[in-house]
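Protein chains in written order, with numbering that gives the first Met the number 0: chain A, 0 to 480; chain B, 0 to 183; chain C, 0 to 245; chain D, 0 to 175; chain E, 0 to 741.
Please keep in mind that the hints were generated in silico from the structure rather than gathered at the bench. Hints may contain errors.
To be verified - Think about it this way: if two alpha-carbon atoms lie no more than 25 Å apart in a straight line, the pair counts; the simulated SDA-like pairs of lysine to any residue are: (1) E/Lys529 - E/Pro133; (2) C/Lys142 - A/Trp342; (3) B/Lys131 - C/Arg172; (4) A/Lys341 - C/Phe242; (5) B/Lys2 - A/Thr45; (6) B/Lys169 - C/Tyr224; (7) E/Lys721 - A/Gly83; (8) E/Lys717 - E/Pro632; (9) C/Lys179 - B/Ala146; (10) C/Lys20 - B/His161; (11) E/Lys156 - E/Pro133; (12) B/Lys66 - C/Asp178; (13) E/Lys156 - E/Val135; (14) B/Lys66 - C/Arg172; (15) B/Lys131 - C/Pro74; (16) B/Lys174 - D/Ala91; (17) C/Lys228 - A/Trp342; (18) E/Lys720 - C/Pro51; (19) B/Lys174 - A/Leu165; (20) B/Lys174 - C/Arg172.
Just so you know, these numbers come straight off a predicted model, no measurement behind them.
What follows is each chain in one-letter form.
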Amino acid sequence: MAEKNKSQAAHAHDDQHTQEHFREKHLMLDPLPRGQMNDMVMEAMTSKPTWKYWLTVIILGSIVLYGLGYSWYRLIVEGLGIAGVNRPSYWGIFLVNTVFWIGISHAGTFISAILRVFKAEFRRPFTRIAELMTTFGLVQAGFSIFMHMGRAWLSYWLMPYPNERLLWPNFHSPLSWDLLAITTYLLSSTMYLFLPLIPDLAMARDKSTGWRKTFYRILAIGFRGTEGEWTHLRHAMNIFAYAIIPVMFSVHTIVSWDFAAATRPGWNSTIYGPYFIIGALHSGMGAAAVVLAVVRGTMKNMTYFIRGEHFDAIGKLMLIISMGWAYFYFNDYIVQWYGGDKWTKALLHFHEAGPLGWMWLSMLIVNIAIPWAVLWNSKWRSNPWIISIVGILINVGMWFERYLIVPVSLSINRMPFTWRLYIPAVEVYLSLGTLALFILFYVIASKLIPFIPVWEVQEGQLAHKLSKFGRETVVTVSELE
Amino acid sequence: MIKRLFDWLKQPLGLIAVGIVFLAVFSVAVYGLSLTQKAPDQPIQFPHNKHVGFGIQCLYCHPGASKGPNAGLPSQAKCWACHNQIARTQTSELLAPLKNAVESGTPIQWVPVAQVPDFVQFNHRAHIAAGKNCEDCHGDMTKVTVAENPQVFNMGFCLDCHVKTAGEDKVLLNKLADCGTCHY
Amino acid sequence: MATVTDLNISEVKLSEEYVGKWGMFINQDVCTGCQACVAACSMENNIAFVGPEDAGYGRTMNWIRIERFWDGEYPEIKMTSRQPMMCQQCGHAPCEPVCPAFATVHSQAQQLNLQVYNRCVGTRYCANNCPYQVRSFNWRDYKRPEPLPNQFNPDVTVRQRGVMEKCTFCIQRIHQAEDKARSEGREVADGEFTTACAQVCPADAITFGRVDNPESLVSQLTKQYEGLKHLPELGTLSNVSYFKGG
Amino acid sequence: MTETVNLLAVFPDLEPASDAVEQLRTLGVTDDHMNVISGVPVTEPMLGRPHAWTNVPRIALGGAVLGMSGAFFLIFIVPYLYPYPIQVGPQAYVPGPPSFVILFEITMLGTLLSTFLGVWLESFFPNYRRLPYVPEISDGKIVVFFTCPEASQDKFTKTMTALGAEKVTIAEARQL
Amino acid sequence: MSKNFSRRDFLKLAGVGATTTAILTGCGPASRYVKREPYMQMPEYTYNGQSTYYATTCRECAAGCGLVVRTMQGRAIKTEGNANHPLNLGKTCARGQATLHGLYNPNRVRGPIKHTRGERLYAFDEDPFNGDFPDVAANLSWDDATQVIADALTKYKPNEIAFLMGAAPDHLFDFVTDFTSATGLNAPIRFGALSMFEARATLSKAAENLFGETGLPFFDIGGAEIVLSFGANFLETWLSPLPYTRGFTGLREGKTKQRGYFVQFESRMSQTGGKADEWIPIRPGTEALVALALGRLAFERRGGALPRAFADVNPKEAAEKAGVEFETLERLAVLFADKAGALAIPGGAALGQSNGLEVAEAVLALNAIPDNFGKRGGVYLSALAPTETEYHRPASPKEMEEFTAKLASGEIKALFVHGVNPLFELPKALNFKAALDKVEQVISFATFPDETAVEADYIFPDHHGLESWGYQRVFTGSAQAILSGAQPVVSPFYDTRATVDLLLAAAQLVGGKFAGAVPFKDEVEFIQSKTAPLKNEANGFFSAVDLPTFNASFQQYGGWWKTESAFGAPNTEDVLNRDFDGAEPEFNGEGEFYLVPFVSPTLAEAGANKPWLQELADPTTTVMWSTWVEINPETAEELHIDNEDVVKIISEFGAVEAAVYKYPAIRPDTIAMPFGQGHTAYGRYAEGRGANPADLFSAEYNQAGDILFGGLKVKIEKTGKKLAIPRLESMMGVYGEGLGEE
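This is chain A alone, in the form it adopts within the complex (with noise of 0.2 Å):
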């Protein structure tokens, strides 16, 4: 009796131990009241910003005036020539950048559409962080477009309109198909932000005073949470989490069109398409990471939201697509390579063993080697240092790829009395100019959008149970939609 007694002490010591390592472990399983929540969110939003939250403010401000403000002048002013495009890199990092930004965008399409849709639940309190990352990325893929035109002052020429010129656009070509394609998902991925953040809205509007309170009210639109609101929001969330899945993927597989609907030797490849948007995937999900561990460790009250369970998910995935993506480069690579056309071969050859060999060689690395090195051990998968830099490193290795791909590859054509290598000019300023506005863009939304979805949280908690199966307890999770 005592032994059973002891056992059963033993039992319930077991069952406390394992509840509070489940609530340490999962989000999900350590609920918290919602008011406190709500006051940890707007906490983080609103606390008075730091010396250095102005110094980041101020330097990123500086670089985007003078990277993207003053550059982007002098290249409109004076033309491309201040650029390193020349013949036959007709085109540089300008869309190298925007293919970039493009593939950063799509993560955060994919962890809140269509995780959402398959119920992965531990996407919850990062959605909104990733959403906002199609947006702003995709902003930054905008302006590269627009940096790369020549007269871009008459960029509104390729959207369809009527005019006295009687002339529309050519729907024959990619380009117009990639503007298209860009315009819907920048404006669905915004409205697809917008949507699940009114009722945060609406919460930020209770719990604020002063020209926060206008400003919330403003946004939240008069958003109560009644039955017929949710209802609408939710319907709609459903329809747009569905929907705008394909979007995204149309989007980066008419960028990839761009190159494979080309003539060009290396180019010209059917793989293209899945090929760019899992590389998409690789570089998203590579900047998830490096977000949420900046936002984790930057931001107040973030380590009760932000775990090692996500980083640890976000990993998982990682892995999952750089094998994805070595699948197909792979694959694409072993085609081009057989067919044996020699302006292919002297492409891959160029790639190798050409004067950005490293390049190559370094985006192999980063971009497989690292991930299936390091992320096979959950432990090292849920430390955010650790992701974060395999995070940086697959970012740094993906832009290498479209480096690659668009100038180095536009380095060799079918007439080597043209072959040139691309030194790039002010677009280094430009690309830092883009990349600062994004950071810059996060930092300044870290004030003004709460960044943790507190009503799916909420939702995703009340969902989660501690059920025991036998002897074993386990996490149960219940359907609420």
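Chains B, C, D and E: place on chain A using the hints.
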């Protein structure tokens, strides 16, 4: 300090002041814009209506129209050939610039009125040969003094007429509506 | 008003059927690489010079370039036949469909590949997709100090920065000749006019004319020398034929 | 017509709120006259409320149709709007595969735009009028909002308090 | 995009704030309005917007090609070849095309200037593509100028006055010849760097020695079946490149029903050599040996008694010395002997060696084997121009040295320089600058602010060639005798004056024998007095009933020429009946490399100030805008020199620096450099660009008086600097550089 300024601006008087400043800036901008849209003045207020009224053919002064791309402006020798014989030329104040120009041997600096952008390669001869009349594009010169452009010579204006001219003739339409007909 | 509905929409010509209108035959065997065509083209078409830095960086604006390669090793080395490359005025041009603004389109009347400067927004996609790499882009507003602009040909637009340009087969001369022939009520005769490059070529390596007329000199020469097209495997149906020679 | 009054009952949790809905119904308040305001999406079955009707999917469908017709316009009508055929390379005036791309993108744009618009239309957003509300909703409270005869206001208040309502007040329209 | 530049300049000036304004106005009509000035007196043959074409003569080199210039509203738009002109038959070279960039060059002498020697004639900055570099304004009137010349004519004794003129045998030369011979002044002397690099003196001397009469041989390449060229760069700048290029087309297109075979012997592959079916890199200096060996082998193949000329040579030894396989020589000898239309041409750096004359003679003698003299596909003597009785070649460098010595001795007090830029064109070794310093008064008639003009006391600019009247004798290249006519196609752009008019005015001012020597009203009258006798000549291209008609036709057709061939058949009796010792030349200098200087085919001696010529890719290396030195890649590897390394090339007489171009078609013991750049004045596009290989030359001459530009041995030294040479070709695509190791 700034707060007080804002407070002052929020009250009705402040709002009115803001409104006035805004209106002033806006109208200056609009005026500036309208200035850029205006052609400079002609050196001589040339009365087209009178000259056409005397029965002078367009091609007399602008003979290039039937010969080549530009209609051309008459040389002052041509003006003077007639005006020399008109007594009033010697005294008229309006004609003083002409007299001065001829006597000093400096060309008159006309300001072209009807013009197409320089990326449009326009050829008068082809249009005259196709049976177009001057007034189809330049308007009725018996009604204007200093020439004005009745039309905005934009692409729609040109293309519309080209398409109408081609009518059912598809070969001609191909030719007339080809981008390379005007732009090269 | 005739609209396109009256026309046969699926009028796209198959490669076997395609016959261009204007074309060139280039006899590389006699081309001496003297650059007279480059100079003539630049003078005729108001092409900008770019200066050493840009020229050395692959930004030359010339619409025609003369390529030469090396064959063998010293002392058995030879220069390959000089290869003048200009826009091949493809019948099925890869550059055309990729322009989002319809700035480069196919002229139905002249069967030429047009570049409409004022419509160009400068995406440079066409240049990427041109397998012959013959398009040049106005990277800057290239300066031609006074009084050099006096030399400008008024029949050809002076291009602004940010605009793509390329060989037009001297379309201004085509128009002039056609206009003249029309006013005289006849067809343009073979050899009545020619492009600036063909006109100047001291070696008569370039011949220009109607390729749809089997009697024209260019057709005759193409036939006689069994002229070959560049990169025919791409199906561009170029209108310039080359004879490499030995 | 009896005078009615709008009441707000603030509940800390889902169960008492659903009980309250049940209770109200027995007290003769029809479903039309109640509403539940919450900070998390509580679904109708949880509260035992009838299914709320939404037109968002229909509006989305309408948008899709609109988008598709816009796409058809661009694909099939626009090439014929030119007074002359513009030919690019070897492609037909109405190119096959590219048309699908345009069709897809613009249809999706229509769908998503109208979905978004649907939310606004259906919820009468933006709405800056004064509305009955209590800020505690944001902190996870569930508010049952109902209309009852003025006469029985006390009875309703008591019932609600008994069911666990933290606060029962007259619903005051307030600036959100 | 505009004929007027207002919008563009506006944009450039605009600061950040002004950009919006500029764009807005740029869209508005105001920016489009330019004041239009109509003609005051419209010429009756012109209509606005219609082109007028004028026939004239190209003055870019001395060849004398006919041009038709398209003008519109008084602006010259485009030069085209004169299709009637027998010399060029409607074609031009690149320089002829770019002549408009001379006419409208941003740096010209804008009027008569009194000037301190050495002072700049235009502002200049390192970057000629930005900024405005105005020319020095005129500070004299033309009356003053006339007075200055009149003063010079009266102040100095006749033998103290000298005229130095360009190589072109034109009306000005005739005028000055008449003027000086009638007044006892020194006879004018003509010189041009091209004639120096063509070794024209050697070629004509060889012809004289072999054929017994003076004259410039003409080689009918078009009619030949096999052509052996010993360094002759006839497709580039040699003598008259257009007819020779036409001849080459004839060779290739097989007017003889068979594609002709072309072999080039030279140590560095020239543009011409690049077109050869066989390029044979023989050692510099062995050209004569190789020619003699080929002659002997060919004769042996044909059979018969070996002539004296080829008797002494040992072909095997010759092949070994020249660094050629003996079998190659044998094979070529067979080809040469068996073909009816065989032709051998001497030229290029081979003649600029101490045995240059023998090279020329030996190669010319080869033509005796097929005995093609005076026959189709063979060697002719060039037709003399209609007003000419004897071939009159420009001064050889040796004669220039004598002239320089005369200047240096102070014998000449006043020097008139026209149409030549001796400070650039003459090798530094001649020290013309020092000689010029000794001359009391230097008057330049330069159109452009060239080096010599900078060292002149007065500059009285002549019109540009397209603004001036004249005629020019065609000295070679055409079967017909041609007097090419020139007329202004546009009115002078600046305040310039024809030198003939200026000299006439000065002569009138001085009066006396000067006025009597040239009794003409103006330049045109002088020209017409010279062309008038042609009216009565038979077989003219046009005939005229009276003189005015003749003069009008002369202008309209761009000159006068005969319809029948005027080629001379050389007297060939003694050609093979002479001894050749086959000795190798002596090379100057200690260095390990033979230096092959060649004239840049696109720039030549005076093209450097024309931006489009600068931007033309060199036909062999595709280099633009600069000077390079060609080194065999293997040699470069041995010396650890890479592309674009700046090396110092040192001869005993000077040193220049240039960037290396690894040129695969040059002998490993040879380096080559183009002539044409290295200006220290001459306008913003020419100045401070590249180097001049003529700085390396020694002041030594061959028997014919040509400088030994092909007889130098030089050292090269690395400087450690790098200098990008802009090239059109891709280093990756053409040379595989930067593609990674294979």
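Subject >> Pairwise hint evaluation, proline 74 of chain C against lysine 131 of chain B, where the allowed Cα distance is 25 Å at most >> reply: violated, 68 Å
Original post:
Hey, lysine 720 of chain E versus proline 51 of chain C, does the alpha-carbon distance stay inside 25 Å?
Top reply: holds, 18 Å
Subject >> 25 Å limit on alpha-carbon distance, applied to hinted pair lysine 721 of chain E and glycine 83 of chain A >> reply: holds, 21 Å
**OP:** For the pair we were handed, lysine 20 of chain C and histidine 161 of chain B, check the Cα-Cα distance against 25 Å.
**Re:** Distance of about 23 Å is within 25 Å: holds.
Original post:
For the pair supplied as a hint, lysine 2 of chain B and threonine 45 of chain A, is the alpha-carbon distance within the 25 Å limit?
Top reply: This hinted pair holds, its Cα atoms lying about 22 Å apart.
Subject >> Distance restraint between lysine 529 of chain E and proline 133 of chain E, which requires alpha-carbon spacing of 25 Å or less >> reply: Violated: lysine 529 of chain E and proline 133 of chain E sit about 39 Å apart, past 25 Å.
Subject >> 25 Å Cα cutoff - pair lysine 66 of chain B, aspartate 178 of chain C >> reply: holds, 11 Å
Subject >> Pairwise hint evaluation, leucine 165 of chain A against lysine 174 of chain B, where the allowed Cα distance is 25 Å at most >> reply: Distance ~17 Å between lysine 174 of chain B and leucine 165 of chain A Cα, so the pair holds.
Subject >> Given hint tryptophan 342 of chain A paired with lysine 142 of chain C - CA-CA distance at most 25 Å >> reply: violated, 37 Å
**OP:** Verify the proposed pairing of lysine 156 of chain E with proline 133 of chain E, using a straight-line Cα cut of 25 Å.
**Re:** violated, 38 Å
**OP:** Verify the proposed pairing of lysine 131 of chain B with arginine 172 of chain C, using a straight-line Cα cut of 25 Å.
**Re:** holds, 23 Å
Original post:
Within 25 Å, alpha carbon to alpha carbon, are lysine 179 of chain C and alanine 146 of chain B?
Top reply: Violated: lysine 179 of chain C and alanine 146 of chain B sit about 30 Å apart, past 25 Å.
When each numbered hint is compared with the structure, violations occur for hints 1, 2, 6, 9, 11, 13 and 15.
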